[in-house]
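Asks: Chain residues, written in single-letter form:
Number of protein chains: 2
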Amino acid sequence: MAAKLTNSTKSELFAAKKRHVTSYDVAQYAGVSQSAVSRCFKSGGSVSRKMRERVMKAVEELGYQPNAIARGLITRRSNMVAVIVSNLNYYPEVLSQLSARFTERGVHVLLFTLDQESDVGRILDQVWQYQVDGVVVAAHLAPGEIEAFNKRNVPLVFYNRAYSDIPVSSVSCDQVEGQRILVNLLVKNGSHKSFAVVSGPADSVVSMQRTREAMNRLHDLGIEDIVQVSGDYSYDSGRDAVDRVMAQRGALPDAIICANDMMAFGCMDQLRYGYDLRVPEDVSVVGFDGVRAAGWSSFNLVTIQQPVDRMAEAAVQMLLDRVENYVLPPEKRIFSGVLRNGATIRN
Amino acid sequence: MAAKLTNSTKSELFAAKKRHVTSYDVAQYAGVSQSAVSRCFKSGGSVSRKMRERVMKAVEELGYQPNAIARGLITRRSNMVAVIVSNLNYYPEVLSQLSARFTERGVHVLLFTLDQESDVGRILDQVWQYQVDGVVVAAHLAPGEIEAFNKRNVPLVFYNRAYSDIPVSSVSCDQVEGQRILVNLLVKNGSHKSFAVVSGPADSVVSMQRTREAMNRLHDLGIEDIVQVSGDYSYDSGRDAVDRVMAQRGALPDAIICANDMMAFGCMDQLRYGYDLRVPEDVSVVGFDGVRAAGWSSFNLVTIQQPVDRMAEAAVQMLLDRVENYVLPPEKRIFSGVLRNGATIRN
Numbered sequence: 028m029a030a031k032l033t034n035s036t037k038s039e040l041f042a043a044k045k046r047h048v049t050s051y052d053v054a055q056y057a058g059v060s061q062s063a064v065s066r067c068f069k070s071g072g073s074v075s076r077k078m079r080e081r082v083m084k085a086v087e088e089l090g091y092q093p094n095a096i097a098r099g100l101i102t103r104r105s106n107m108v109a110v111i112v113s114n115l116n117y118y119p120e121v122l123s124q125l126s127a128r129f130t131e132r133g134v135h136v137l138l139f140t141l142d143q144e145s146d147v148g149r150i151l152d153q154v155w156q157y158q159v160d161g162v163v164v165a166a167h168l169a170p171g172e173i174e175a176f177n178k179r180n181v182p183l184v185f186y187n188r189a190y191s192d193i194p195v196s197s198v199s200c201d202q203v204e205g206q207r208i209l210v211n212l213l214v215k216n217g218s219h220k221s222f223a224v225v226s227g228p229a230d231s232v233v234s235m236q237r238t239r240e241a242m243n244r245l246h247d248l249g250i251e252d253i254v255q256v257s258g259d260y261s262y263d264s265g266r267d268a269v270d271r272v273m274a275q276r277g278a279l280p281d282a283i284i285c286a287n288d289m290m291a292f293g294c295m296d297q298l299r300y301g302y303d304l305r306v307p308e309d310v311s312v313v314g315f316d317g318v319r320a321a322g323w324s325s326f327n328l329v330t331i332q333q334p335v336d337r338m339a340e341a342a343v344q345m346l347l348d349r350v351e352n353y354v355l356p357p358e359k360r361i362f363s364g365v366l367r368n369g370a371t372i373r374n
Numbered sequence: 028m029a030a031k032l033t034n035s036t037k038s039e040l041f042a043a044k045k046r047h048v049t050s051y052d053v054a055q056y057a058g059v060s061q062s063a064v065s066r067c068f069k070s071g072g073s074v075s076r077k078m079r080e081r082v083m084k085a086v087e088e089l090g091y092q093p094n095a096i097a098r099g100l101i102t103r104r105s106n107m108v109a110v111i112v113s114n115l116n117y118y119p120e121v122l123s124q125l126s127a128r129f130t131e132r133g134v135h136v137l138l139f140t141l142d143q144e145s146d147v148g149r150i151l152d153q154v155w156q157y158q159v160d161g162v163v164v165a166a167h168l169a170p171g172e173i174e175a176f177n178k179r180n181v182p183l184v185f186y187n188r189a190y191s192d193i194p195v196s197s198v199s200c201d202q203v204e205g206q207r208i209l210v211n212l213l214v215k216n217g218s219h220k221s222f223a224v225v226s227g228p229a230d231s232v233v234s235m236q237r238t239r240e241a242m243n244r245l246h247d248l249g250i251e252d253i254v255q256v257s258g259d260y261s262y263d264s265g266r267d268a269v270d271r272v273m274a275q276r277g278a279l280p281d282a283i284i285c286a287n288d289m290m291a292f293g294c295m296d297q298l299r300y301g302y303d304l305r306v307p308e309d310v311s312v313v314g315f316d317g318v319r320a321a322g323w324s325s326f327n328l329v330t331i332q333q334p335v336d337r338m339a340e341a342a343v344q345m346l347l348d349r350v351e352n353y354v355l356p357p358e359k360r361i362f363s364g365v366l367r368n369g370a371t372i373r374n
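So the sequence lines, in the order shown, correspond to chains X and H.
Be aware that the first sequence starts at 28, since it is given in the working numbering, and climbs by one per residue.
Be aware that the second sequence starts at 28, since it is given in the working numbering, and climbs by one per residue.
Think of the hints as simulated: they come from the structure by calculation, not from any bench.
Being a predicted model, the structure only gives us computed values, none of them experimental.
Beta carbons are placed, not taken as given, at the ideal position from N, Cα and C, and that holds for glycine.
Misleading hints may appear alongside valid ones.
[As the list claims (entries may be wrong)] Label-pair restraints from in silico Cβ distances: (1) N177/H x S191/X: 25 to 35 Å; (2) P356/X x D152/H: 48 to 58 Å; (3) D192/H x D142/X: 46 to 56 Å; (4) M83/H x D146/X: 25 to 35 Å; (5) Q61/X x I150/H: 21 to 31 Å; (6) G277/H x D252/X: 51 to 61 Å; (7) L366/X x P357/H: 51 to 61 Å; (8) D309/H x N374/X: 26 to 36 Å; (9) N374/X x S191/H: 53 to 63 Å; (10) D309/H x D252/X: 35 to 45 Å; (11) N177/H x M83/X: 41 to 51 Å; (12) P334/X x M83/H: 22 to 32 Å.
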């Protein structure tokens, strides 16, 4: 046993190694058991007044900060959720909404950003290691990866990725309905007979849904003059798409349907500044998402506005409900997008 | 003591409560001490071959995932850093760069987003609770708040917030130099005699530095016709700024200097679509940051491009160096911004 030290010597010794004082240090310093220290910090922990005073004195003198993570090991809650997002640069509103809403509720966000949706598999191991209470995923998972969540009983909510054949919770914007509204609008005003459809990244299910619905709906309405080119959601790929449509058709179509707003901006800029054409007088353009810049006067884009605030709120609430009660059955919530009436469709 | 159970019964019992299998569960299942389990997962931990086999069998059967957080309690490292950002919507590139670079190195990011820079004090308590290894802060801290980091020996690196009178690490873009380049460019070409300067949020030190330097430099170069109005970094506040300049001066100045790009876009759109003026023929506009949209043909903005990739890399490296070795002295790294030659200054 160590020679008896005065409290001030002990305090100095602790100060010298002061980085991350632990409950073990507090117990040693107070001369009590570690479990007694734990009980002082646990709600409803049984501990005598004298013991509590002794521990709290040590806590104060050592500058001990009760450790949320260590507490998590006791309650088996980390009070952390993981948020996995791709395309952060194209749609930062989603992350800032999710982050703000979790923070409001005292839940912390461990962030994983992906360059490409298909990278998600590689980071799941890291997610498991932190034993987060739940995960919001705005990327595509393979069925086996979803199964891994179930196996570990980690609640999972998809953001804008819905699975029709797997029972898993999700919050989405109705891509099909939104796309149909846009196509109807273009076709029914009678001045658009030829179309280009610009899809997003090949590994994005959302982009795929939007593009497929646009193609289907155009066909259903009897339109036959359609070219399809692929982009990657970026502004630059929207510009390129115009050149590629031009190369394929030899002329520009009446309207260009883009799988997101960012590509629509690139498309509009290339039409205006690359081809010296007017939008919408020469070519109409529509997007999807309703990002902030859609409302800028330079674009004033016709698009489908996703109700990001309501969707983020729903995702946060659904996840935390399932952290509280793991056996809640999966639920899919599908929000209608709202048509943003801009000035990029000609009469 | 519990009656002896067969392994398959035990395995089922554990499966029933399988959420978050802990090292305690593994120890119980294997019939060994918890410290023996820990030694199996600690690099260099001394443990017999037989013991390791026994533990690993339990690990496999229970689906135990060695817990990064629990391991952190042993090494006193959480392998997590906090990133505190404000203005996420105006400048998502910073966060996505920081996040990608930490992730590359196997370090995880606990994200705190702020609506307003001045909210930062309220979240520091939450940061302490997670005992992160270090923090990157892209917001302003009061001296007492910085002192709280020192007291806890938590390494801290500021992103784009430098303190001249406090020894603390920071990575910044040279706001003063950048602003001076822009003002020189405008004044020296001889066609700008009257100016408006649009500042950002009142609690942003970066905005304050940019605006102050613009005012000082204009005065130094003998310009006297200057109005100053304040915005909040948003596109809408850039639009409003034009109206307020108009109200104050009764006419628009030759050039408008905005404290960030987003306000410059709002400004340009209001000049073009609100007043039917041409940029730059009627009014020149400059921004600061070099966000992606500055390169869009609709804007093609003259601005100072912050070298975000190099700045993010420096911030990550400086922080992790200090996590390794806490006694490294503070360091300030100041990167020059790069002039982006657009088409928003008239000849």
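Asks: If any of the earlier hints don't hold here, list their numbers in rising order.
Replies: Violated hints: 1, 2, 3, 11 and 12; rest satisfied.
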